[in-house]
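Colleague: Sequence:
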Amino acid sequence: MASSSRTVDKFACETSRYLLPTFRRPGYREIMDTHVEHDPEHEVFPIWTKEDGQYYRIINTALLNDNYDVLKKNVKFINSLRRAIRDNNAKESVKVYRGLCIPSKHVNQEYKVGLQFLWPTFTCTSRNKDMAHVFGEYTFEIETSSQDWTYRSDISKYSMFPEEEEVLFYPYSGFVVQNVIPDAKIIQLKCVDTLHVEETSEKLIPAEVQIVDSSRNIFVYFYKKASEVYWSYANKPDQRFLIAGNQSGYWDAPYRYHHRRGYFIHKGTNLWEEYQNDECFATFTRIGLGNN
Numbered sequence: 001m002a003s004s005s006r007t008v009d010k011f012a013c014e015t016s017r018y019l020l021p022t023f024r025r026p027g028y029r030e031i032m033d034t035h036v037e038h039d040p041e042h043e044v045f046p047i048w049t050k051e052d053g054q055y056y057r058i059i060n061t062a063l064l065n066d067n068y069d070v071l072k073k074n075v076k077f078i079n080s081l082r083r084a085i086r087d088n089n090a091k092e093s094v095k096v097y098r099g100l101c102i103p104s105k106h107v108n109q110e111y112k113v114g115l116q117f118l119w120p121t122f123t124c125t126s127r128n129k130d131m132a133h134v135f136g137e138y139t140f141e142i143e144t145s146s147q148d149w150t151y152r153s154d155i156s157k158y159s160m161f162p163e164e165e166e167v168l169f170y171p172y173s174g175f176v177v178q179n180v181i182p183d184a185k186i187i188q189l190k191c192v193d194t195l196h197v198e199e200t201s202e203k204l205i206p207a208e209v210q211i212v213d214s215s216r217n218i219f220v221y222f223y224k225k226a227s228e229v230y231w232s233y234a235n236k237p238d239q240r241f242l243i244a245g246n247q248s249g250y251w252d253a254p255y256r257y258h259h260r261r262g263y264f265i266h267k268g269t270n271l272w273e274e275y276q277n278d279e280c281f282a283t284f285t286r287i288g289l290g291n292n
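Residues in the sequence shown are numbered from 1 upward in steps of one, following the UniProt record's numbering.
Distance ranges between label pairs, derived from CB positions:
| id | residue 1 | residue 2 | range |
| --- | --- | --- | --- |
| 1 | Q239 | K267 | 25 to 35 angstroms |
| 2 | K267 | P182 | 17 to 27 angstroms |
| 3 | T200 | K236 | 36 to 46 angstroms |
| 4 | Q239 | G114 | 40 to 50 angstroms |
| 5 | K50 | E279 | 32 to 42 angstroms |
| 6 | N89 | P237 | 46 to 56 angstroms |
Keep in mind that the hints were calculated from the coordinates and are not lab data. Since the structure is predicted, the reported quantities are computational estimates derived from the model, not experimental observations. The beta carbon of each residue, even a glycine, is placed where N, CA and C say it ideally should be.
Assemble the whole structure, with the sequences as input and the hints as a guide.
Modeller: As structure tokens, this is what we get:
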């Protein structure tokens, strides 16, 4: 069996669902269209499975954070691996597994039946349930089919650790929650076309979000079809000011809006939070709900 530190990294998800996108992000979209001379599958798959240097961690961290500089630096390998998965797409119907390393109490909040999301990383799963189950509070049980338009490849024959029975998914593969079984600690997922997730999510983005920070007595505004963020004094809402440096905003999910210094995230009901450097910077209450 592979070493535990390596297996935790590869076959377990440690990311809150709130941080998972439902759209492909700008940095990834940029490198998608970058032409490279692709390395063959018998070279890229073994590199992916090597433990030395944990190259998979560097690549997946960059994909998770949409770090364009790291993605661009590694574009040849990333696009070669994408091509290798696509060319070796496993179309059979099969169940694969992945661990979830978040507290059980958060699962009910974050994973609801019908929820759709994308995993932005090259997602490592195993045909062996025990491989994933040992490294997480819950286990994702992922159902694939021959008609789900999701690229994945069984790379065990190329792996330095064939006993892991690894099935590797393409970046930004789409999933929908089918069922949550608390007693068994299983979340059942089904593969779904990435384009379908994006099209569905597009309809859920509010036309305008108006939020208030009562502690500072200010309003903040951002929009579905604009990249700017504005603010105003709470007692002068008609006098809006462009926040300098925040002209590159974008939505990566109906519940998260990015700006240059961080992001706003909807945490339920009317609660929004702003994060900078992955730490909560401010808490807001949404107002003006008529512009959904």
